[in-house]
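Novice: From first to last, the protein sequence lines are chains D and G.
Be aware that the first sequence starts at 1, since it is given in the working numbering, and climbs by one per residue.
Be aware that the second sequence starts at 308, since it is given in the working numbering, and climbs by one per residue.
Treat the hints loosely; a few may be bogus.
Unchecked claim - Rough simulated footprint, nothing fancy, chain D against chain G, three-plus residues with beta-carbon under 8 Å:
#1 356–363
#2 381–392
#3 404–415
#4 465–475
Claimed, not checked - Partial list, derived from the structure: chain D residues whose beta carbon lies under 7 Å from chain G:
#5 187
#6 191
#7 192
#8 198
#9 199
#10 200
#11 201
#12 202
#13 214
#14 217
FYI, nobody ran anything at the bench for these hints, they're computed from the structure.
Cβ atoms here follow ideal geometry from the backbone N, Cα and C, with glycine treated the same way.
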Amino acid sequence: MEDPIKSKIQSTSKETRQDILGRCLTYLCIGLIVAIVLSIFIFVASKGIATFTVNKASLWEFLTGKNWNPTVTDASGKPQLGALPMITGSFGVTILAVIFATPFAIGTALYMTEVSSKKGEKILQSVIELLVGIPSVVYGFIGLSVIVPFVRTHFGGSGYGILSGSFVLFVMVLPTVTSMTVDSLRAVPRYYKEASLALGATRWQTIYKVLLRSATSGILTAIIFGMARAFGEALAVQMVIGNAAIMPKGLLSSASTLTSVLTMGIGNTVMGTVGNNALWSLALILLLMSLIFNIVVRLIGRKGRMD
Amino acid sequence: MDDFITTKDVHLYYGEKEALKGITLSFPNKGINALIGPSGCGKSTYLRTLNRMNDLIPGVKITGSIMINGQDIYSPKTDTVDLRKKVGMVFQQPNPFPFSIYENVTYGLRIAGVKDKQILDERVEQSLKQAAVWDEVKDDLRKSALSLSGGQQQRVCIARVLAVQPDVVLLDEPTSALDPVSSGLIEDMLLTIRDKYTIVIVTHNLQQASRISDKTAFFLNGELIEAGKTKNLFLNPERQETDDYISGRFG
Ligand SMILES: Nc1ncnc2c1ncn2[C@@H]1O[C@H](COP(=O)(O)OP(=O)(O)OP(=O)(O)O)[C@@H](O)[C@H]1O
Ligand SMILES: [Mg+2]
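Produce the complete structure using the sequences and hints provided.
Specialist: What follows is the structure, given as structure tokens:
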């Protein structure tokens, strides 16, 4: 005769079965995402590497060459695949944008966390969230109709160029950097501030010597995230940078970025041709850069935890 | 007049709530004073009026007078930054900055503008010795203060306060988060510095109060019930409430 308690214990309960089902679902989702990410990576990499394996371009030429003209072959019969102008353009706009944005972001974040009233903070918070949500084409359009003429009249040149690009990106990365800086300032325990004030520090000394210092790794992370966003932005930059795939002669001359050349060119080339493969190589650089930004963020995070 | 700290009819309101209901209490120059009483009776609140830390809480209103070393610390002329250099505070939870031990101890001096390396070094050694942690940390002053044990952290926090050379040291339950051995070390340490500073310590540990303090004040529901020589208060309390509290009948 079967013992009812024993059979009850030995059979899987409803809850356990739900548990197993739930776990299977999550594994399925993770598996799907991993598969997608991996296939994107493999696809871009195989296409991007084809420039060097199939079309026999040299990697060194690609990274340091200054002439970008994939459809035209030079005297020795090789396509002109120098990506340095775009690499310079991308880093130029990114670094400038972040240099402009960081002081503003820290200032705004300090105002929100240390100075303003609860109500002012809420208002600023929603303004920032609004800025994040604006589509990049709108930023590009404003850049085109406001910033380009502004740069033209106040700095000279045609108005198109790295400076305009970095101004537009400055506005675009500001909310990201600000809100992440706010989070890292909020994460500083209140008792650090109390301890500092109780030792006779002024509010400014406390902010400068304790708050900002304790939040440094968080703020650096915010800046890197801003850089990643700026580096990967295509549309808005493309609208104001001028899109000349030549070595920029300054901040005011027409230039291009990896992303702008990609969006401009990808529709005009045929799969499998040199010109198309060369664009994939640019995409590969973008992908590797975002990987590097990610690794840097992780390294900063690990260092932050050790202190 | 010998008293170093005198408070007269101090009322404190957190918004509508009256947390201190007219405290008149004074402490002599140098020595250890203990504040005891059940949870929520206003000990911390009273302590924090002495270095104006309550000013940081929005909606706090304070009336009455508090004189330290003959100076009305709530007069408009008083600069809280200067006041807090003279009246240091140690908190219940050890709260060292996430910097090195050396930087922790020199923090107060550096914000006061002391840059001379020799003075800083001397003061670090002297205050860490006073706080009875020098032997344990002297070889790794550059290590993060967060890598120390809780008891060591608390003594570094005490050294951080002593380095500024205050007149008054306020301690809010400094040992309640620590093990008995660390607590004992801090008690012994306080006894060695009692003739250099005017110390006010909040404690829930009645043995601790009776072991180390010269004067004890008993608070209940925002009122001062009784204050006097520690020995008298513990052996012959004048008020029934005090007797009930120290014999463990409530609180
Ligand atoms: N920031 C604050 N806002 C409003 N009320 C407060 C605040 N801090 C303390 N109180 C109230 O004031 C009263 C006294 O609090 P206080 O912290 O001084 O008590 P305590 O004697 O130190 O208690 P404990 O022994 O638990 O630390 C309590 O009723 C508490 O709820
Ligand atoms: Mg308390």
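Novice: Taking 7 Å as the limit, does the beta-carbon of residue 199(D) come near enough to a beta-carbon in chain G?
Specialist: Where the cut-off is 7 Å and the nearest Cβ of chain G is about 4 Å from residue 199(D), the hint holds.
Novice: Test coverage of the segment 404–415 of chain G by chain D using CB-CB distances below 8 Å; three residues minimum.
Specialist: Since 5 is at least three, the answer is holds.
Novice: Going by Cβ atoms only, is residue 198(D) closer than 7 Å to chain G?
Specialist: 4 Å, holds
Novice: Given as covered by chain D, does the segment 381–392 of chain G meet the bar of three residues or more with CB within less than 8 Å?
Specialist: With 5 residues closer than 8 Å to chain D, the segment 381–392 of chain G meets the three-residue bar; holds.
Novice: Quick one, is the residue 192(D) hint okay against chain G at 7 Å, beta carbons?
Specialist: 6 Å, holds
Novice: Tell me if the interface restraint on residue 187(D) is satisfied: Cβ within less than 7 Å of some Cβ in chain G.
Specialist: Not OK, violated: residue 187(D) not within 7 Å of chain G, min 12 Å.
Novice: With chain G as the partner, please determine if residue 191(D) meets the hint condition of a C-beta pair closer than 7 Å.
Specialist: Given a least distance of 4 Å, the restraint on residue 191(D) holds.
Novice: In terms of beta carbon proximity below 8 Å, does the segment 356–363 of chain G have 3 or more residues touching chain D?
Specialist: holds (count 3)
Novice: Under the criterion of a CB-CB separation shorter than 7 Å, is residue 202(D) in contact with chain G as hinted?
Specialist: Because about 6 Å separates residue 202(D) from the closest Cβ in chain G, which is inside the 7 Å limit, the hint holds.
Novice: Hold the hint about residue 214(D) up to the distance rule: shortest CB distance to chain G must be less than 7 Å.
Specialist: 6 Å, holds
Novice: Can residue 200(D) be said to touch chain G, with a Cβ gap under 7 Å?
Specialist: Hint on residue 200(D): holds, closest Cβ of chain G at ~4 Å, below 7 Å.
Novice: Less than 7 Å between beta-carbons is the criterion; does residue 201(D) satisfy it with respect to chain G?
Specialist: 5 Å, holds
Of the numbered hints given earlier, the model fails hints 5, 14; all others are met.
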